[in-house]
Amino acid sequence: MSDEFKSGSKLEKVLKSGQFAVTGECGPPRGADAEVIRKKCTLLKDKADAFNITDNQTAVVRMSSIASAVIMMQQGMEPVMQMVCRDRNRIAIQSDILGGAALGIKNMLCLSGDHQKFGDHPQAKNVFDLDSIQLINTVKIMRDDCKFLSGEEIKGAPKLFIGAAANPFADPFEIRAPRLAKKIAAGVDFIQTQCIFNLKKFEEWMKQVVDMGLHEKVYILGGVTPFKSFGMARYMANNVPGMDVPDELLQRMKSTPKEKQAEEGITIAVETIKRLQAIKGIAGVHIMAIEWEEKVGEIAEKAGLLPRPTI
Amino acid sequence: MVIGERKPFDEIMKMLEGVKKIAVMGCGGCVTVCLTGGHDEVRVLSSQLRMARDKEGNPIEIIEKTLERQCDPEYVEQAEGVASEVEAVLSMACGAGVQFMAERYKDLPIYPALNTTFVGGSKKEGYYVERCQTCGECKLYFTGGICPIARCSKSLLNGPCGGSTNGKCEIDPEIDCAWQLILDRLKSLNQMDRYSSMMPINDWRTNRDGGPRKMIREDFQR
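Those sequence lines, one after another, are chains W and X.
Taking the working numbering, I'd label the letters of the first sequence as residues 10 to 320.
Taking the working numbering, I'd label the letters of the second sequence as residues 804 to 1025.
Wrong hints could be hidden among the right ones.
Unchecked claim - As a list, the in silico PhoX-like pairs of lysine-lysine whose alpha-carbon atoms are at most 25 Å apart:
(1) X:K971 x W:K209
(2) X:K990 x W:K210
(3) X:K971 x W:K126
(4) X:K942 x W:K134
(5) W:K210 x X:K971
(6) X:K824 x X:K810
(7) X:K810 x W:K134
(8) X:K810 x X:K927
(9) X:K990 x W:K134
(10) W:K216 x X:K990
(11) X:K810 x W:K126
(12) X:K971 x X:K927
(13) W:K156 x W:K226
Hints are computed from structural coordinates only; laboratory data are not their basis.
Please model the complete structure; the sequences and the hints are all you need to start from.
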């Protein structure tokens, strides 16, 4: 990792300084009311270094990631613009990268995207002109080589800190570390992992990552999601593809009285962060409090991650 | 082969509203093999139509015929006698056959009785699965003989997404994860190195994205 900043984003600076980074997440509204984002921003401000803005997550139509990111920046916060391959071909992708960068976005997360089957428009034609690894590589080529995919020169390269996701809990397990290596070779700068509930398996994955020396080539932020209730835990265990919720956690949530389950969910999240901090190669956490933004600060506070550094 | 599935009967009945005399035209090619548009299926559909229209008190006259193939002008020509006697043709060929018929018989409405679904094969009798999306640039060398474009729900070229669980695709537990199959096979072929290098961004010009395609054998163009 060289001395120069790739985008100069706050997230990049925190990670580069060796401090434990914190990112949060903000889902855009299903409407054109900017006030919804501003309200979420009020809850999230100063609770993390940067905040992901999801891109039509679960294939449900929402306000665009770029527009929402700009509204967030107007609140003095730093967004991580998510971009999925499902809805755009390479022409639209490159155009949106230029547009996002021109508007001041400095972090971008490259994803394949949930299949439209899960969303509100299952009849839609999907694109997948690129996959997530090729998208990472596209941003890198645009940023570092100042070129479009066509090979033509870009006047004013987009300076973006490039992120991607990794899911250590999906199958086949043995290629999950090699898959991370592929993302690194494609040019990724930071990784946010899938929500971690099965810490044992996560540690196993991280060991492979460290053995391959990958943690020295990319910043890895462990994904943490608090359970709001036993019902949510059970739903995530049974209905969300690629999610691994061990029985002992389910039992722990189940045996907690209903009115205390939310609190217990927070406690588990804080414990998870503490365990993650002790794992070699972990550079930060990504707290995804789904439609529960007000709890990000509490979790970060309890985990001793506040105040966030000023850079 | 090209797989086709018969359209719902009501939809076919609707297409034939107001028509008194038709030909139900089978095809001896792929759709005969996949049991949807051959000689036997022509007979069954024709009987169904006759009975349904009789019941409505609006009988329909049907000529049954099956051509060797409907995607070949030489055989399409053989429908000429029948074509001159009917008001419309209900073609039981794939979409290509329907269009070859329509190109040849310019004044005759040609209606499709099938939905052309995919290029695939039969796992067993009456059980057909998709295997090829005709992208025009075969990648099976790199992927252990299993196509990620046709068989991964997102056509991902560089490995499984985060939704692959126990060998199944996130969109349906009945669908195999193509990348699980590819990786299992690469492993057994001792070709896992093919996974580690990045598959470059695809050139879709050879796919339909380059416009309707054609293939010309110059040596046959005299």
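Verification of the hints:
For the hint linking K971 of chain X to K209 of chain W, the alpha-carbon distance of about 23 Å falls within 25 Å, and the restraint holds. Restraint check: the Cα-Cα separation between K990 of chain X and K210 of chain W comes to about 22 Å, which is no more than 25 Å; the hinted pair holds. Straight-line distance between C-alpha atoms of K971 of chain X and K126 of chain W comes to about 15 Å, which keeps the hinted pair within the 25 Å bound. Under the criterion of a C-alpha separation no larger than 25 Å, the hint pairing K942 of chain X with K134 of chain W is consistent with the structure, at around 23 Å.
With a C-alpha separation of about 20 Å, the suggested pairing of K210 of chain W with K971 of chain X holds against the 25 Å cut-off. For a cut-off of 25 Å, the pair hint linking K824 of chain X to K810 of chain X stands: about 20 Å separates their Cα positions. With a C-alpha separation of about 22 Å, the suggested pair K810 of chain X and K134 of chain W falls inside the 25 Å cut-off, and the hint holds. Restraint check for K810 of chain X and K927 of chain X: satisfied, since their Cα atoms lie roughly 22 Å apart, inside the 25 Å limit.
Of the pairs offered as hints, the one joining K990 of chain X and K134 of chain W is violated, with about 33 Å between alpha carbons and a cut-off of 25 Å exceeded. The suggested pairing of K216 of chain W with K990 of chain X holds, with an alpha-carbon distance near 22 Å, which does not exceed 25 Å. For the hint pairing K810 of chain X with K126 of chain W, the CA-to-CA distance comes to about 23 Å; that is within 25 Å, so the pair holds. Between K971 of chain X and K927 of chain X the alpha-carbon distance is near 21 Å, which keeps this suggested pair within the 25 Å criterion.
A distance of roughly 23 Å separates the Cα atoms of K156 of chain W and K226 of chain W; the hinted pair therefore holds under the 25 Å criterion.
Checked against the numbered hints above, the structure violates only hint 9.
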